[in-house]
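In order, the protein sequences belong to chains F and B. Per this note's numbering, the first sequence runs over residues 1 to 116. Per this note's numbering, the second sequence runs over residues 1001 to 1237.
Source of the hints: derived by calculation from the structure; they are not laboratory data. All of these numbers come straight from a predicted model, not from anything done at the bench. Mixed in with the good hints there might be a few duds.
To be verified - Using 30 Å as the maximum straight-line C-alpha spacing, the simulated BS3-like pairs for lysine-lysine come out as follows: (1) B/LYS1032 to B/LYS1078; (2) B/LYS1032 to B/LYS1081; (3) B/LYS1032 to B/LYS1005; (4) F/LYS61 to B/LYS1032; (5) F/LYS61 to B/LYS1005; (6) B/LYS1005 to B/LYS1081; (7) B/LYS1123 to B/LYS1081; (8) B/LYS1005 to F/LYS106; (9) B/LYS1089 to B/LYS1032; (10) B/LYS1131 to B/LYS1089; (11) F/LYS85 to B/LYS1131; (12) B/LYS1171 to B/LYS1005; (13) B/LYS1089 to B/LYS1078; (14) B/LYS1081 to F/LYS106; (15) B/LYS1078 to B/LYS1005.
Here's the letter readout for the chains.
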Amino acid sequence: MKILPPTLRESNRYLAISVTSEGDIPRRDLVNEIFFCAATLLGDAGSSEMSIRLLSFEDNKGIIQCRVDRIWESRAVLATVTSIKGMRTRINVLGVSGTVRGATEKYLLTQDIREP
Amino acid sequence: MGLIKSSNFYDLNVHTLPDYADSQSRMILETKDMGYSGICLTSINPANAFRCTDITMPTLMDFEIYTGIEIQADNVSKLNKYISRSVNKVDIISVSGGHEDINRGAVENGHVDILAHPASQGKPLNHVLSKAAADNGVAIDFNIDALIRHRGGSRVRILSALRQNARLAHKFDIPMVITSNARSHYDLRGPREMMALGMLMGMTMEEALYAISTVPGSIINRNRNNNRIMDGVEVVQ
């Protein structure tokens, strides 16, 4: 099967996220909770337009893909995540980039050095 | 995007010890990490007493810490008493809204800076309260914890009331602020997330940006300016 030519593909943005939680969060539960929050906040129609998907998640950091014109809605959905399996959770958006590589290099690979 | 990047963000309603469990230094570090340039640590307790808190950490560069009080009262005369007691003791005076009488008492008092969560009982403001708020310069709070803490029917009611408030604020030129009303560091959100939730409450992108940067900044400037006596009266020399 032929793949879609680049001009006809949807344009995406990639959000680098970090998850702060009381315990370890499995990838499966995080995905379920994000989709549940999207469905309760925007409904099925709204969340289908966002085409949100979790590309990678390890070490409490990950990358989320969404449509270019639905970045604000995606941020709002991520902000409404408060608990996963009874553990209090906060999802922090570190930054937005146009490519997976850009998001990884700019926001995920940098070391987190706090002021003393 | 350049406009967002160059703005200073403030969160004017964050609760910490001794009223809630998280320490001041933790909240300050978390909010600084998220990109804020200042927060207001707000006392909230049934006695409506401002508890002067010692912050056991070195002062941070480019980060301002303000003190505030959120006044809870069950009738207007008590509310006015508590407000006059807190004037000149704190940077920001906010009033826990929700009930219609309290909302009215707050917007008609010129000492109040912020009417916090006015729609917490699902009732929007009306044109009378809006005019009073615009005359007295009382900012209307759009608390994002209504969206992140509630689910289902109560969230729908509060959200539609907040949309009505945004419409009135737009029409009557009331200052709008977005605050987190955070009770622990899990309730904090980054500035752009606050903007995104503000846009769900019916604000435009510019209004949401000003509600988290310019409007809080001007409230702080107004209260920290020692030359100011009251609206329109200022010591020039």
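A quick look at each hint next to the structure:
1. B/LYS1032 to B/LYS1078: violated (36 Å)
2. B/LYS1032 to B/LYS1081: Distance of about 35 Å is beyond 30 Å: violated.
3. B/LYS1032 to B/LYS1005: holds (15 Å)
4. F/LYS61 to B/LYS1032: Roughly 19 Å between the alpha carbons, so the hint for F/LYS61 and B/LYS1032 holds.
5. F/LYS61 to B/LYS1005: holds (23 Å)
6. B/LYS1005 to B/LYS1081: violated (41 Å)
7. B/LYS1123 to B/LYS1081: holds (25 Å)
8. B/LYS1005 to F/LYS106: OK: B/LYS1005 and F/LYS106 at ~16 Å, within 30 Å.
9. B/LYS1089 to B/LYS1032: Measuring from Cα to Cα gives roughly 25 Å; hence the hint holds.
10. B/LYS1131 to B/LYS1089: Judged against 30 Å, a Cα distance of about 28 Å means the pair holds.
11. F/LYS85 to B/LYS1131: violated (45 Å)
12. B/LYS1171 to B/LYS1005: holds (28 Å)
13. B/LYS1089 to B/LYS1078: holds (18 Å)
14. B/LYS1081 to F/LYS106: violated (53 Å)
15. B/LYS1078 to B/LYS1005: With a Cα-Cα distance of about 43 Å, the restraint between B/LYS1078 and B/LYS1005 is violated, given a limit of 30 Å.
Comparing the model with each earlier hint shows violations of hints 1, 2, 6, 11, 14, 15; every other hint is respected.
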